[in-house]
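S.K.: Based on the hints, put chain B in the right spot on chain A.
Residue numbers (the working numbering), protein chains in the order written: chain A, -3 to 220; chain B, 3 to 178.
Below, a list of computed lysine-lysine pairs in the DSS-like style, where the Cα atoms sit at most 30 Å apart: (1) B:LYS126 x A:LYS138; (2) A:LYS150 x B:LYS126; (3) A:LYS174 x B:LYS90; (4) A:LYS79 x B:LYS70; (5) B:LYS70 x A:LYS46; (6) A:LYS138 x A:LYS90; (7) B:LYS66 x A:LYS33; (8) A:LYS174 x B:LYS66; (9) B:LYS126 x A:LYS90; (10) A:LYS79 x B:LYS126; (11) B:LYS125 x A:LYS104; (12) B:LYS90 x A:LYS104; (13) B:LYS178 x A:LYS150; (14) B:LYS90 x A:LYS138; (15) A:LYS90 x A:LYS150; (16) A:LYS90 x B:LYS125; (17) A:LYS79 x B:LYS90; (18) A:LYS174 x B:LYS70; (19) B:LYS178 x A:LYS138; (20) A:LYS79 x B:LYS125; (21) B:LYS126 x A:LYS104; (22) A:LYS90 x B:LYS90; (23) B:LYS176 x A:LYS150; (24) B:LYS66 x A:LYS46; (25) B:LYS176 x A:LYS138; (26) A:LYS150 x B:LYS90; (27) B:LYS155 x A:LYS138; (28) B:LYS155 x A:LYS150; (29) A:LYS150 x B:LYS125; (30) B:LYS125 x A:LYS138; (31) B:LYS176 x A:LYS104.
Cβ-to-Cβ under 7 Å is the rule here; a few derived chain A residues that face chain B: (32) PHE16; (33) ILE20; (34) GLY30; (35) ILE34; (36) THR40; (37) GLU55; (38) VAL75; (39) LEU134; (40) ILE143.
Derived from the structure by calculation, the hints contain no laboratory data. C-beta: ideal position from N, C-alpha, C; glycine also.
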Amino acid sequence: MKKGLFTANVSAILIPSVYFLVSIILFVFGARTGIAKISEQSSTLNEARKTQGVLQQKERLLRQIETEVSSQVDVLANVVPEKNPALIMISQLKNLALVSGVTITTFKIGAQNDAGMVSFVDLSYDADGALTSIIPFLNTVKTLAPISTIDTAKINQQAGAASANVRIRVYFAGYPTKLPSLTEVVNELTDEEEGLLDTLSGLTLPVFSTLNPQEPTVRENPFN
Amino acid sequence: MAAINLLPTDISPKGPVVKISNLIKNLAVISFVLFLLTALGMLAMFVLNSVQIRSLNESSEGLKTSIKSLETTEQGLVLVRDRLSKAKLVLADESGGEEAEGLGTVTSGLPGSVSLTEAVISKKVLDTTFIATDSQGLTTLMALIISQDAFDKVDLVSFSFNPNAGYVSSFSMKVK
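If we strip away everything but chain B, and leave its shape as in the complex, we get:
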């Protein structure tokens, strides 16, 4: 069936106006379709993210409950870490422990003719006084003290000879 145009042909738009009008119409349709697609895409993403967030939050709540049930263990871990840090501070503190060890090493190697009469242990310094009844013992004592790696510095503070007691020598030793 043939199309019939009932409008007067002289007032309908013609030529380039129709083309521009069609172009704008097409652009309007395309942009509207794009808008719809974008809106749908975003809506889908929004819904998907919302579902994921809800799922993660539910899972996190479960984990929080589980962690709360392990609170005693967590308290223990916090306490262990705290005690270790405190012990580390104490061990870093100066002590006469190394001096006592050094004194132990020296006295364990003394010959029978040498005896310790006095020792004062303080932080970083060990003061000692020995009596050697013969010169051989004195030599051994000197060699023993010098051979100790634990001491950074050894000062011979005093040295005397008493015919009744023997050689009396005092040392001041500093631990490394």
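Next comes chain A alone, as it looks inside the complex:
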């Protein structure tokens, strides 16, 4: 009888203990797995929120600047052109000389230098005119697009007539070839960039004429 009592006592403790132990194990295992999953999911959620924020900001900015950016591109693509702008600059100098009362007699285009981030080409020219025209002419060249700097200038004056031999450096640079990643943050122009853009927008842009294609015409017989 005593053995039966012992077995009953052990069973009374052991069976609920097994249930309790199983519950604890389930709780611990479930909590650990669940927390790990939820934590992983939370980081995915945060990442998705961040990406959405960036995309919203980017879309808003692009819509905001949609109308103005094309005119800015037109200006800046002439200020720092993609390709060697020596001929464009010659045209600009000739136009300026015409209104400045200066005669440009010779032009010489040097070899282009592509060593740095910005390429350049040296352009030399000889100018004749009154000193009061030549010096303002030199100072006005910096208001022309493409952007240029004075490298050297030699001015001589005799009997009221002045002549100048000037070498300027005209700059250009290849266009960027890659767009930033779709989810990369895009910021609007800084105040400094806006200021620079305003300054560069004041430069005199080259004028290009477009030749319209014409229909073929019947050639008259020159021997008639």
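M.R.: Frame of chain A, contents of chain B only:
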């Protein structure tokens, strides 16, 4: 109706064993209930997060499509920023522009008896030669050059007098 215990009373657990057994049973029930509640809570959170993630991803896909339709604008913005950075590099480059401006200021203030015969503009240095037909003109020229704020340093490189031409003076000026 009265409860009838058909088990022999001498083999059923008694006293503290029953109490401990009941306590463990209660704990087992409580921990199981806690497990269920936690599991349900986590499941709810998991489902909620999944719905939110799906919604955000759908919204992001829509935005990506919209941004792709604005690709020309984005290209423009990238180009504008690139050109501005290049222009900034060029403007930071040394140039004879300030020297030319300085020469313009000096020559515009010259009196009639003084004329510029030669000027050489290079980066950072402006070399000039003037002829003054009288001493008053020479004094005005000197005063004019000294009063220029644009120049950091002015060197009188040579000075001579020629009875036929007048006072010939050469200066080397460095811009600030």
